[in-house]
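Please construct the entire structure, taking both the sequences and the accompanying hints into account.
Residue numbers for the sequence shown follow my numbering, so the first one is 7 and each next one is one higher.
Treat the hints with caution; some may be incorrect.
Derived Cβ-Cβ restraints for the label pairs, each shown as a range [as the list claims (entries may be wrong)]:
no., residue 1, residue 2, range
1, GLU175, GLN121, 16 to 26 Å
2, THR64, SER137, 17 to 27 Å
3, VAL43, THR168, 28 to 38 Å
These are computed hints drawn from the structure, not numbers from a lab.
Quick reminder that beta carbons are idealized off the backbone N, C-alpha and C, glycines included.
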Amino acid sequence: MKKVIIFILLFTASFYLQAQEDVATTYYFVRHAEKQVDGTRNPHLTEEGKARANKLGTMFKNEKIDVIYTTDYYRTKETASGIAVAMKMPEKLEPGSIFNITVKAYDPRDINLPQFLKETKGKRVVVVGHSNTTPNFVNSILGKKKYEQIDESVYGNVYIVTVIGDKAEATLFNID
Numbered sequence: 007m008k009k010v011i012i013f014i015l016l017f018t019a020s021f022y023l024q025a026q027e028d029v030a031t032t033y034y035f036v037r038h039a040e041k042q043v044d045g046t047r048n049p050h051l052t053e054e055g056k057a058r059a060n061k062l063g064t065m066f067k068n069e070k071i072d073v074i075y076t077t078d079y080y081r082t083k084e085t086a087s088g089i090a091v092a093m094k095m096p097e098k099l100e101p102g103s104i105f106n107i108t109v110k111a112y113d114p115r116d117i118n119l120p121q122f123l124k125e126t127k128g129k130r131v132v133v134v135g136h137s138n139t140t141p142n143f144v145n146s147i148l149g150k151k152k153y154e155q156i157d158e159s160v161y162g163n164v165y166i167v168t169v170i171g172d173k174a175e176a177t178l179f180n181i182d
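So this is what it looks like as structure tokens:
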């Protein structure tokens with residue numbers, strides 16, 4: 007009887023572990039919207055950029071987003087705010103938890119990819135980055151160089167990366 011119980015426990019545990027591995031994680035990577043050209047390293051969005059951020063927000067309005075990651079720049083935070091407003095969140099985003107959505111800052115030069123993947127497993131995640139960091143981050147998750155740096159004039163790319171187990175697939179589309 008003891009062997010049967012151990013077998014059942016091991017059998018159940020193996021299904022549980024398999025289910026844990028097969029959970030889908032979806033990442034939506036976007037570049038910040040149009041920024042002001044003011045000669046600073048930390049410009050705000052232009053009016054066109056604010057409109058694009060709101061357009062992105064409309065796109066994500068019906069998605070169940072668990073986490074929004076943004077770099078610590080006005081242009082990325084303001085782009086994330088456009089998404090948040092469409093999701094009925096406060097306009098000003100700061101790291102923390104708001105309306106069951108966690109907002110986190112990240113440094114694209116210092117990503118611990120295994121930890122990031124572990125923390126976000128099974129979630130729907132928006133990552134707002136830059137023309138060079140966004141495709142690099144996507145490529146890191148894919149484990150191969152699939153995407154090149156985004157041209158400075160392109161702001162409408164959305165990379166959707168789905169990870170199930172140890173397999174990752176990405177799709178790129180443009181909202182323009």
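Right, here's what the structure says about each hint:
no. : hint                        : verdict
1   : GLU175 - GLN121: 16 to 26 Å : holds (22 Å)
2   : THR64 - SER137: 17 to 27 Å  : holds (23 Å)
3   : VAL43 - THR168: 28 to 38 Å  : holds (35 Å)
Violation of the numbered hints given earlier is absent; every hint is satisfied by the structure.
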